[in-house]
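Student: Sequence:
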Amino acid sequence: MPSMARLAIILTLIYALLWALGPLLTDMGVWDSKPDYYGLPLWFWLSCILTPLFFIMGLFYLFGRGGHKE
Numbered sequence: 001m002p003s004m005a006r007l008a009i010i011l012t013l014i015y016a017l018l019w020a021l022g023p024l025l026t027d028m029g030v031w032d033s034k035p036d037y038y039g040l041p042l043w044f045w046l047s048c049i050l051t052p053l054f055f056i057m058g059l060f061y062l063f064g065r066g067g068h069k070e
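One point on numbering: in full-length UniProt numbering, the residue at position 67 of the sequence shown is 67, and numbering is uninterrupted.
Any given hint could be a false lead.
[Said to hold, decoys possible] Derived CB-CB ranges, DEER-like: (1) G39 / I9: 26 to 36 Å; (2) Y38 / S3: 18 to 28 Å; (3) I10 / W45: 34 to 44 Å; (4) L17 / L40: 16 to 26 Å; (5) A20 / I56: 14 to 24 Å; (6) W19 / L62: 31 to 41 Å; (7) G39 / M4: 33 to 43 Å; (8) S3 / L53: 35 to 45 Å; (9) P52 / R6: 12 to 22 Å; (10) A5 / G39: 13 to 23 Å; (11) C48 / I9: 18 to 28 Å.
If you are wondering where the hints come from, they were derived from the structure by calculation, not from laboratory data. Ideal placement from N, C-alpha and C gives every residue a C-beta, glycine not left out.
Build out the structure end to end from the sequences listed, making use of the hints.
Tutor: Put into C-alpha cells, the structure is as follows:
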C-alpha cells in the first residue's frame, strides 16, 4: 500500500478514536471534576485540535523521509 494511502487510513482511525474518546471518558466520570477545558468540551480538543495536528505531523513525517515522489 502506498505511504499516502496508509497515512490516510491511520489518520482516519486516529480521528475516530479521538472523536469518540471525549464523550466516552466524560460519561465514565474520568473528567467529572473539570468538564470544560479552557471553556471548551474535551471532545472539541480531541477531534478539532489534536487530530489536525496529528495530520500535519504525519505529513511532515511522510514528506520529510522522502515517501512522496513527484
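Student: Now look at each hint and say whether the structure bears it out.
Tutor: Evaluation of the provided hints:
1. Hint check: G39 to I9, Cβ distance near 33 Å, so the stated range 26 to 36 Å holds.
2. For Y38 paired with S3, a C-beta distance near 35 Å fails the hint of 18 to 28 Å.
3. Taken as a hint, the range 34 to 44 Å is violated for the pair I10 and W45, whose Cβ atoms sit roughly 20 Å apart.
4. Our hint of 16 to 26 Å for L17 and L40 holds, since their Cβ atoms are close to 19 Å apart.
5. Between A20 and I56 the beta carbon distance is about 21 Å. The supplied range of 14 to 24 Å therefore holds.
6. Taking 31 to 41 Å as the suggested C-beta distance range, the pair W19 and L62 does not conform, at roughly 22 Å.
7. In this structure the supplied range 33 to 43 Å holds for G39 paired with M4, their Cβ-Cβ distance being about 36 Å.
8. For S3 paired with L53, a C-beta distance near 19 Å fails the hint of 35 to 45 Å.
9. In this structure the hint that P52 and R6 lie 12 to 22 Å apart at CB holds, the actual value being about 19 Å.
10. For the hinted restraint 13 to 23 Å between A5 and G39, the CB-CB distance of approximately 38 Å leaves it violated.
11. Between C48 and I9 the Cβ separation comes to about 21 Å, which falls inside the hinted range of 18 to 28 Å.
The structure does not agree with the numbered hints 2, 3, 6, 8 and 10 stated previously, though it agrees with the rest.
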